[in-house]
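Numbering of the sequence shown is given in the numbering used here, commencing with residue 1 and proceeding in unit increments.
In short, the hints are calculated from the structure, not lab data.
None of the hints are false.
When the alpha-carbon atoms are kept at most 25 angstroms apart in a straight line, the in silico PhoX-like pairs for lysine-lysine are as follows:
#, residue 1, residue 2
1, K67, K86
2, K67, K85
3, K370, K472
4, K5, K92
5, K132, K79
6, K290, K92
7, K5, K84
8, K86, K69
9, K67, K92
10, K349, K290
11, K370, K349
12, K290, K350
13, K67, K5
14, K5, K85
15, K85, K132
16, K85, K69
17, K439, K370
18, K354, K370
19, K92, K133
20, K132, K290
21, K92, K79
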Amino acid sequence: MSEFKRLHPASIILMFLQGLKGIILPVIITLFFSSSQGESFIRFEYIWLVFIVILFISSILSYISFKYKLEDGELFVQKGIFIKKKRYIQQKRVQSIDITAGLLQRIFGLVKVNVETAGSGGEPEVQLNAIKKQEASLISEALKAGKQNLKPFDAGIADHDSNDRHEPDALNGSEFNPDSNERLDESSQELKPSVKWNLSTQHLLIAALTSSGIGLTISAVGALFSQVEQVIPSTLYERTFGFLVGSGIWFITAIIFFIVFISWIISFINTVLKYGNFSVVKQNDDLIIKRGLIETRQLTINTDRVTAVRYVANIFRQPFGYTAVYVESAGGGTGEEQGSTVLLPLLKKKDAHKVLEELLPEYAAEPVFKRVPQRALIRYLVQNTFIPIAATAALFYFYPEFAYYGLIAVALMSVIGYAQYRDAAAGSLCGQLYVRYRKLSQVIVISKHRKIQSLERHVSLLQGRRDLATIKLAVQSSFSWKLFRVEHVDVNDADQLLYWYSNKNQRGRSD
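Given the sequences, and given the hints that come with them, work out the whole structure.
What follows is the structure, encoded as structure tokens:
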């Protein structure tokens, strides 16, 4: 691929729809507003029509001006309508290669390739939004060739799936195939992955049923309402609010449960579509993650780029012993996952150690923790119940019929505060640091000494009176860095962790 090439013509449609997606809500709101005002000097529909035509022309010009080529193992990109920009991507700077195929791309048999490099700040350094699968495999292989000689992922998996029988092991329905101990000839060794883990249908449904994405769905509905609220007539808004206030507590409770139920249905469908056909393949030093039913995604992360492993067990999964495993890495994370990458969407916590021994053996050690002291309990209770208590007092004064909701909130936040106290812990062993904390979900973070960017100890005025401190751990991630914190640790334990981090001998033990 030494000659310049253009993207597939379908990229014009993709760029146009992407731009249209960003303005669709303002278009609907302004058109609704203009129609409710009757005749107006400004005809918004004509303004938006002109804007959409300009957007389509811009998409065509962007397609014409965008060129790329692969030469000597380097990716060269040239783009820009009025100002030409040239960009070289060297093998040694590549952090991750993300290959996705949305619905429209799959119709045309195309994929999108995102290449992240050191210093890209979580955004792709180069995005090829419509190229053929064969070209994507060629680019991926060429950019990885400087580190190791790998065959294209699709060919390797096709050969592996057609010749091997996958049988469930002790992972309760998830398929796990360690093949690294088998003796193979040289050609099959290159094609056959050393380890493969699949998310079973049973675990996919459990993950969807217990997903915590319901909170994000409710937040999205709230954000949409805040936009629509601006065009709702004030009389209708006041009339609706007055109706709700006068309807009684049971009617409002029914509405809340209905909203939560609809949000849960949306979250269930989203999880199934997102994590369907999920698999993780370890091929030499690369983790190759595939997922998605409608929009398929393939992400390649080098294991040396992994800076931390994170277990997350929400309040629906923890009672049944389930957890999800994320990895923090220099590249590869997504905004919807706060810069992290899902390595294992759902599995039994007792089986996570076995799986990590095959995928990431350096992070497979059993965590060692020391819990926060008992005197920290009052701090967790106060910081969680202060606002609910103040709000309940206000409800008793202004709306006494709703004050019982405030009492329920105080009780719930007290339980959450106690759970946070029970889970808060930190420890170190054999060149690794372990922290555990809870907001709503229980989180366990494992990081190696040499992967930690900073470890800080903070003592507030109130903490100092009880000899407590807050530990802050920072590791590199797709969005520059990721911060984890454990509050109200014994100050002596915090000092010991700082001494551990400052000891350079621990760095060698973590290698």
